[in-house]
Amino acid sequence: MAKKKDLDLQSSGPKVKIGTSDKIIRGIGYVVTTFYALACIFPFLIIIGTSFTSEEIIRSEGVKLIPEGFTLKAYEMVVAGGLIWKSYVLTIILTLVGTTIGLSIIAMTGYALQRKDFVLRNGISFFIYFTSLFQAGLAPYYLLMTQTYHLKDSYFAVLLPLLMSPWLIILMKNFVKSIPFEITESGKIDGAGDMKIFTALILPMLKPALATIGLFLALGYWNEWYQSSLFLSSQVTVVPLQYNLYKVVNEVQSLKNSIAGQYISLADVPTESLKMATAVLATGPIVLLYPFVQKYFIGGITVGAVKG
Amino acid sequence: MESKSVTKKGKVQTSQMTFGQKIWRNRTLLFMCLPAIVFFIAFSYAPLPGIWVAFVKYNYRDGIFGSKFVGMQNFEFLAQSGKLLQLTKNTILYNLAFIILGNLVAVVMAILLNEMQSKIFKKVSQTMMFLPYFISQVLVGLLVFNLLNYDTGFVNTILVKLGMEPWGPYSDKGVWPVLLVIIHLWQTTGYNSVVYFASICGIDEEIVEAARVDGANGWQKIWYIILPSLKPTVVILLLFALGGIVKGNFGLFYNVVGTNPLLYDTTDIIETYVYRATMTDFNFSTASAVGLYQSIIGFLMVMITNFIVKKIEPDYSLF
Chain C
52 MAKKKDLDLQ SSGPKVKIGT SDKIIRGIGY VVTTFYALAC IFPFLIIIGT
102 SFTSEEIIRS EGVKLIPEGF TLKAYEMVVA GGLIWKSYVL TIILTLVGTT
152 IGLSIIAMTG YALQRKDFVL RNGISFFIYF TSLFQAGLAP YYLLMTQTYH
202 LKDSYFAVLL PLLMSPWLII LMKNFVKSIP FEITESGKID GAGDMKIFTA
252 LILPMLKPAL ATIGLFLALG YWNEWYQSSL FLSSQVTVVP LQYNLYKVVN
302 EVQSLKNSIA GQYISLADVP TESLKMATAV LATGPIVLLY PFVQKYFIGG
352 ITVGAVKG
Chain L
685 MESKSVTKKG KVQTSQMTFG QKIWRNRTLL FMCLPAIVFF IAFSYAPLPG
735 IWVAFVKYNY RDGIFGSKFV GMQNFEFLAQ SGKLLQLTKN TILYNLAFII
785 LGNLVAVVMA ILLNEMQSKI FKKVSQTMMF LPYFISQVLV GLLVFNLLNY
835 DTGFVNTILV KLGMEPWGPY SDKGVWPVLL VIIHLWQTTG YNSVVYFASI
885 CGIDEEIVEA ARVDGANGWQ KIWYIILPSL KPTVVILLLF ALGGIVKGNF
935 GLFYNVVGTN PLLYDTTDII ETYVYRATMT DFNFSTASAV GLYQSIIGFL
985 MVMITNFIVK KIEPDYSLF
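In the order they appear, the protein sequences are chains C and L. Numbers given in our numbering equal positions in the first sequence, counted from 1, plus 51. Numbers given in our numbering equal positions in the second sequence, counted from 1, plus 684.
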């Protein structure tokens, strides 16, 4: 735990005299890393550039890195269409509600399963872990969700399945492991019940874990499109942002819906720049936020990788 | 109440308690696990009986358990048509490439990052490399389409400017194994290199210093110190990845390739086939047959790899 904090700010080796081979390696390093890092953001620059490019230029000359015939028309149309804001509200609600509920359950479960004096800990741990070893598969899952639970076209079909995963519970257990058992014991000596010990003593110490796992959950909800594609049919017009993007990119009808009657014929619709503008709006918050939260993900990956 | 049981006397009593009494004493802890237990029963265990659909000729009116039992017929059909073999082959070959090249590139990037002297350069480049991990697979599909599509794609605009023939990968099934591997590496290297970077950071500085004093150059440092120290991590991660060798990356294939029958020969994996069988054809019996086949092989693979991990590094085994 102490180690993970300075991972991304790790000092760069001892200051010993530098030989030719070191210079060569360093040179290769700078070149390769620079190229690779640029390759990682390059496709995003195309999306942004093209979203400000006029439709005629996209159709005749292709996508643009630097906008040509600069226009905000695509953004104006998406915003005026109104659907994207409803998607935003829905996605934010799903993310907040799902992350809060999921994180509470994962934290409670992770703590209880790490308690040495809990006789059922191994049994329950295996009960949860087994679900990642053997799955029923998509068809039985789909039939259960739609015919037994009747969740077709319900937002609960998106909210519920993403609440937790065996991997996140194991991750939480690994975080809890670093808290000495004496803390729990001292609580017991003071006469506190297990729930009191958890909320008053353990939770405050789990802040980094809560941040990490909460962010994994939130990212899952923000990027969700799969459950939506399974369970939200065309009857549902307001869908989570990424599934909305999927539909705008892949279905002409949804593209038209997203700008609600602001066109005369389909030929006049700036389809390509609309797709880009929708993508920028759906992804923007993540791209702006992730540099600040990436350290929590790095912490999670290193803690999680030690014991999967 | 429970506080008394912590005293010495209480501990002696613990061993004499019946199982029921022990559980009663743990009732709060059990209660804390209850929501998670309900969750996994509802979404992971409850679908299990539905696997029966793989052994019937499903029709909506009679339901899973009322439809006509056909035994192994659904599996036989898939096996005889060669579909199962083709899907398995595609899924495994893609995963092998993803695992081997993915770890290789991640190790190389981690080593190079570690060699960088400038902290700010290190931090900025790591942040840039991490970006593709944070975006949805839907966006990945659109990013790739922007680069590669025939009419407006970035690659073709360059080719045309250079006076060359435009390129149409969306109708050329031969190029996708290479393209999909590159896209996968692009999306996961930032993430995967974190683990290796962490291991390198954990190497004792004194060992490196001592090697320096003995005259080791940069290559020797990498070859004799860094790579051997990464070996256990690499082996463990490779083995665990092999446990998931029959599980495909559905989001990647579905969003990047989509439902394009021209490309199925080289891009159809188990997940994409099952998804189409379920959501497009409503052929639940066939879908479930493929799914069950995949679950059983997957289960065996995890068991085998875990057995091997246990042999070489018992601390890391899953169970």
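Read the hints as simulated data drawn from the structure, not as lab findings. Mixed in with the good hints, there may be bad ones.
[Claimed, not checked] Here are the computed lysine-lysine pairs in the DSS-like style, where the Cα-Cα straight-line distance is at most 30 Å:
1) L:K773 x C:K228
2) L:K931 x L:K706
3) L:K773 x C:K346
4) L:K995 x L:K857
5) C:K74 x L:K915
6) C:K247 x L:K706
7) L:K845 x C:K203
8) L:K994 x C:K124
9) C:K137 x C:K74
10) C:K346 x L:K931
Right, here's what the structure says about each hint:
Between the alpha carbons of K773 (chain L) and K228 (chain C) the distance comes to roughly 41 Å, so the proposed pair goes past 30 Å and is violated. Straight-line distance between C-alpha atoms of K931 (chain L) and K706 (chain L) comes to about 40 Å, which puts the hinted pair past the 30 Å bound. At roughly 38 Å between alpha-carbon atoms, K773 (chain L) and K346 (chain C) are farther apart than 30 Å, so this suggested pair is violated. Distance check on the hinted pair: K995 (chain L) and K857 (chain L) sit about 42 Å apart at the alpha-carbon level, beyond 30 Å; violated.
For the given pair, K74 (chain C) sits about 25 Å from K915 (chain L) by alpha-carbon distance, which is consistent with the 30 Å threshold. At roughly 20 Å between alpha-carbon atoms, K247 (chain C) and K706 (chain L) fall within 30 Å of each other, so this suggested pair holds. Only pairs whose Cα atoms come within 30 Å are accepted, and K845 (chain L) paired with K203 (chain C) is rejected, the gap being roughly 49 Å. Restraint check for K994 (chain L) and K124 (chain C): not satisfied, since their Cα atoms lie roughly 60 Å apart, outside the 30 Å limit.
Between K137 (chain C) and K74 (chain C), the direct Cα distance comes to roughly 54 Å. Violation of the 30 Å bound is thereby established for this hinted pair. For the hint pairing K346 (chain C) with K931 (chain L), the CA-to-CA distance comes to about 29 Å; that is within 30 Å, so the pair holds.
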